[in-house]
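Enquirer: What follows is the residue order along each chain.
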Amino acid sequence: MKRHFVLAGIAAAAVALTATVAMAQAGDAALAQARANGLIGEQADGYLGFVPGASISADLRGRVDQNNIQRRQLYTRRATERSVSVNEMAAAVACEVFQRPRIAVGERYRNEAGQWRQRTAGAPIEVPSFCGE
Amino acid sequence: MRAALLTSLGAAVLAAGCIPVQIQAPDEPIEINLNVNIRQEVIVRLERDAAELLDQNSDLFGGTTP
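Protein chains in written order, with numbering that gives the first Met the number 0: chain A, 0 to 132; chain B, 0 to 65.
One or more hints might be untrue.
[Unchecked claim] Residues of chain A clear of chain B, computed beta-carbon distances all greater than 10 Å:
1) Ala29
2) Asn36
3) Val50
4) Ser54
5) Asp58
6) Gly61
7) Asn110
8) Gln114
9) Trp115
10) Thr119
11) Gly121
[What the hints assert, rightly or not] Some but not every residue of chain A turned toward chain B, in silico, with C-beta under 8 Å:
12) Asp27
13) Ala31
14) Tyr46
15) Asn66
16) Ile68
17) Arg77
18) Arg81
19) Val92
20) Gly131
[Stated by the list, open to error] Quick list of simulated restraints, FRET-style, between CB atoms:
21) B:Gly62 / A:Gln117: 12 to 22 Å
22) B:Gln39 / A:Thr75: 16 to 26 Å
23) A:Gln32 / B:Glu40: 31 to 41 Å
24) B:Glu46 / A:Gly52: 32 to 42 Å
Derived from the structure by calculation, the hints contain no laboratory data.
Each residue gets a CB set at the ideal place from its N, CA and C atoms; glycine is no exception.
Could you put the whole structure together from the sequences, leaning on the hints where they help?
Expert: Written as C-alpha cells, this is what we have:
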C-alpha cells in the first residue's frame, strides 16, 4: 500500500517535470521563431528587446519579459559573487552573445548605440566597444 | 496696502525665480552616464563567468551560430 503511494508520487513528479520541460521548450520555440521573424533580438545590454515597428502579441511580450527577468536573476547572482554591478555582468554576457556569436544570420540585434541591425552573411556583427578581443 | 502688495509680489517673483533653479540641478544624468559607462577591464575579467552563464542557461539564449 505504502509502496503504491511512493510509486504514484514518483509518477506525478515525472509528469510534472515533463510538463515543465515541455513548456520551457515551447517557450524556446516561440522565442526562436520570433528571432527568426525579426520581431525580437539580442541587445548590447545583455537582454532581449523588441524590434521597433514589429507587431508583438501579448503572449510573445510575456515570454520575452519572463526571459529577461530570468536573465536579470542570473546576472544579479553572478554580479554579487564577483562584486561587480549587474549592468557590468549583463554587458559581459552581451559580449559573449555578440562575439561567439549567438545571433544567427538574418536575425536582428541592437548595437551599443541603440540602433537595430540585421546580421548578414557578409558584414561582421557590430560588437560593443566595451568588449575585449 | 500697496507696499504689502508689492512685497508679496516681490516674494512671489523671488520664489518663482528660485524654484526652477532647484529643478534644474538634479544629478540624474550623471547617474545614467555611470551606469552606461562599462569598464572594459571588468568585462574582460568577467569573460569566463559570462561564457559559463551562457553554457549553463542555453534555454535562455539563442543557440551558437558559426
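Enquirer: Each of the hints needs a verdict: does it hold here or not?
Expert: Against the structure, the hints come out as follows:
no. : hint                           : result
1   : Ala29                          : holds (12 Å)
2   : Asn36                          : holds (13 Å)
3   : Val50                          : holds (15 Å)
4   : Ser54                          : holds (21 Å)
5   : Asp58                          : holds (18 Å)
6   : Gly61                          : holds (15 Å)
7   : Asn110                         : holds (14 Å)
8   : Gln114                         : holds (15 Å)
9   : Trp115                         : holds (16 Å)
10  : Thr119                         : holds (13 Å)
11  : Gly121                         : holds (15 Å)
12  : Asp27                          : holds (6 Å)
13  : Ala31                          : holds (7 Å)
14  : Tyr46                          : violated (10 Å)
15  : Asn66                          : holds (6 Å)
16  : Ile68                          : violated (10 Å)
17  : Arg77                          : holds (6 Å)
18  : Arg81                          : holds (6 Å)
19  : Val92                          : holds (4 Å)
20  : Gly131                         : holds (4 Å)
21  : B:Gly62 / A:Gln117: 12 to 22 Å : holds (18 Å)
22  : B:Gln39 / A:Thr75: 16 to 26 Å  : holds (21 Å)
23  : A:Gln32 / B:Glu40: 31 to 41 Å  : holds (38 Å)
24  : B:Glu46 / A:Gly52: 32 to 42 Å  : holds (34 Å)
Of the numbered hints stated above, those contradicted by the structure are hints 14, 16, listed in ascending order.
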